[in-house]
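This is what each chain is made of:
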Amino acid sequence: MQYPIVVKNLSKNYSNKVAVKNINFKITKNEILGLLGPNGCGKTTTIAMMLGLLKPTNGIVLIDGEDIEKNRIQLLHKMNFISPYIELPKKLTVKENLIVYGKLYGVKKVLLRIDYLSDKLRLTEFLNKKTGELSSGQKNRVSLAKALINDPKILFLDEPTASLDPETGDFVRTFIEKLSKEREMSILLASHNMDEVKRLCKNVLMMKDGLLIDRGTPNELIKKHGKINLEEVFLKLNRTSNEF
Amino acid sequence: MSFNRIYGLFLRHFFLIKSSLPRILDLIYWPTIQIILWGFISLFFSTYSNYYNNTLGVILTCAILYDFLFRSSISFNMLFLEEIWSRNFTNLFIAPMRISEIIISLVITALIRTLIGLVPAILITSPLFGISILNLGIPLLFLFLSLYIFGITLGLFVSSGLLRYGPAFENIAWSSLFLLAPLGCIYYPIEILPDMLQTMAKALPLVYIFEEARSILVNQYVNYSNIKNAFVLNIFYLFIGITLFYYSFRQARKKGSLINIGE
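Residue numbers (my numbering), protein chains in the order written: chain A, 264 to 507; chain L, 611 to 873.
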């Protein structure tokens with residue numbers, strides 16, 4: 264079986280710090296894999312290595328069986344990424360931004376693609392508005408549209424619903440759920456929202472201090488650790504014995 | 611009034627400055643460069659007051675040429691800086707764009723930005739001062755091309771620094787050309803420099819470009835060896851600039867600066 268994503272023995276060392284230590288996992292087609300862990304545990308570093316933004320110290324990331332380090336440009340056509348920490352140029356309109364990224368990803372019939380995404384993500388009414396003038400919920404949907412402009416097979420979502428109101432958050436979650444099923448997309452979801460992870464993810468990876476410390480389905484992890492929900496599991500795994 | 615709060619705010623800036631070599635350099639070299647540049651200009655005019663028949667024409671033409679160089683370089687840097695300021699940098703580097711494509715795209719966009727600034731400047735010199743840069747004739751094309759290549763090369767050097775060191779390198783982006791201006795002999799001949807600086811200046815294409823502009827305007831003589839020397843040096847520096855940009859990208863991928871460059 265060919266996995267869209269295979270991560271083997273992946274490590275990243277900086278001069279004074281080990282950010283990621285020898286992690287291994289795979290993601291299948293249609294799967295949404297949750298990546299959980301406290302701030303600074305290595306989630307973003309892992310995603311950055313999978314996107315080819317960061318060179319691993321050791322290990323390999325295979326996208327559709329090909330090493331991202333050896334074929335970065337070609338493989339980036341198949342992927343995309345959304346994070347609240349990166350933005351689109353504020354002075355460009357939504358449509359202009361989507362056209363720019365459509366061009367960068369080599370999308371044919373980019374205007375048709377924008378129409379399709381505008382309809383699906385409810386962007387039509389502010390398509391000609393400057394991106395900097397949008398509310399955070401609208402910006403989030405625009406970022407999602409940018410992340411889908413190339414119809415990626417693999418999507419990396421870093422806290423995709425952070426700072427969204429409940430209605431917009433639910434809209435985005437439902438959209439992601441549908442996307443994975445209808446487009447056979449493989450999604451890696453890094454989130455601090457445990458309910459979101461439980462709802463969307465088939466499997467979950469738990470990271471701490473650069474290590475993968477546990478993995479399983481949300482229900483397996485809850486049962487294994489004798490807790491009532493995923494948040495309790497997260498707290499148990501991340502609190503040391505002398506903390507309260 | 612609280613001494614602790616004042617000291618705290620002092621420390622906030624002190625920590626920022628002491629952890630960044632580019633910021634320290636920026637503090638030191640602005641005043642130094644200004645003094646050197648205007649010192650040489652004054653010295654030249656006091657020593658060679660009969661040198662030019664056409665002082666205004668020469669100075670204005672050189673100012674326009676220098677501005678073209680300045681705008682080419684700044685435009686290249688600005689395009690890079692805008693991605694950092696808008697926190698769009700990561701988006702750009704996860705798009706399937708080759709480094710060569712990024713460079714070419716910046717070179718073309720910078721040229722358009724530069725021409726937008728240059729054309730009005732050329733147009734107003736004629737009615738205001740009775741001077742036209744077009745008096746330089748066909749060699750003007752070579753001079754512009756040469757200046758543009760050097761401007762882009764400087765842009766590549768600065769962008770390499772931005773890739774590697776992030777926004778802390780921003781001030782160098784604004785001021786890189788002022789560092790070279792005194793050595794570039796824009797408004798005065800190379801002979802005005804002390805011997806040691808003349809040797810350094812000869813390694814810059816600027817000296818040959820501006821020497822040529824003055825030669826045409828003052829002596830009505832085109833010295834193609836100046837144009838050739840400028841191009842040879844330009845190709846050499848452009849090669850180094852491109853190599854450095856690739857090297858900085860590889861280093862940024864190792865150090866992680868492509869992820870957190872806007873922070």
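One or more hints might be untrue.
Stated by the list, open to error - No farther apart than 27 Å at their CA atoms in a straight line, the calculated lysine-lysine pairs in the BS3-like style are these:
id	chain 1	residue 1	chain 2	residue 2
1	A	K333	A	K353
2	L	K865	A	K471
3	A	K318	A	K358
4	A	K366	A	K280
5	L	K812	A	K318
6	L	K838	A	K284
7	A	K487	A	K499
8	L	K838	A	K341
9	L	K812	A	K284
10	A	K333	L	K838
11	A	K354	A	K333
12	A	K280	L	K838
13	L	K838	A	K289
14	A	K289	L	K812
15	A	K292	A	K280
16	A	K289	A	K402
17	A	K271	L	K838
18	A	K271	L	K812
19	L	K812	A	K333
20	L	K812	A	K341
21	L	K812	A	K280
22	A	K487	A	K416
23	A	K280	A	K341
24	A	K271	A	K487
25	A	K471	L	K812
26	A	K471	A	K441
Stated by the list, open to error - With the C-beta cut set under 8 Å, the calculated list includes, among others, these residues of chain L facing chain A:
id	residue
27	N701
28	S710
29	L746
30	G747
31	K812
32	K838
33	F859
34	R863
35	G866
Everything labelled a hint here was simulated from the structure, so no lab data went into it. Glycine included, each C-beta is placed from N, C-alpha and C at the ideal position.
The hints, checked one at a time:
no. : hint               : verdict
1   : K333/A with K353/A : violated, 34 Å
2   : K865/L with K471/A : holds, 21 Å
3   : K318/A with K358/A : violated, 33 Å
4   : K366/A with K280/A : violated, 38 Å
5   : K812/L with K318/A : violated, 40 Å
6   : K838/L with K284/A : violated, 55 Å
7   : K487/A with K499/A : holds, 12 Å
8   : K838/L with K341/A : violated, 47 Å
9   : K812/L with K284/A : violated, 52 Å
10  : K333/A with K838/L : violated, 41 Å
11  : K354/A with K333/A : violated, 35 Å
12  : K280/A with K838/L : violated, 51 Å
13  : K838/L with K289/A : violated, 58 Å
14  : K289/A with K812/L : violated, 59 Å
15  : K292/A with K280/A : violated, 34 Å
16  : K289/A with K402/A : violated, 31 Å
17  : K271/A with K838/L : violated, 54 Å
18  : K271/A with K812/L : violated, 54 Å
19  : K812/L with K333/A : violated, 42 Å
20  : K812/L with K341/A : violated, 50 Å
21  : K812/L with K280/A : violated, 46 Å
22  : K487/A with K416/A : violated, 32 Å
23  : K280/A with K341/A : violated, 31 Å
24  : K271/A with K487/A : holds, 25 Å
25  : K471/A with K812/L : violated, 57 Å
26  : K471/A with K441/A : violated, 30 Å
27  : N701               : holds, 6 Å
28  : S710               : violated, 11 Å
29  : L746               : violated, 37 Å
30  : G747               : violated, 40 Å
31  : K812               : violated, 40 Å
32  : K838               : violated, 38 Å
33  : F859               : violated, 11 Å
34  : R863               : holds, 5 Å
35  : G866               : holds, 5 Å
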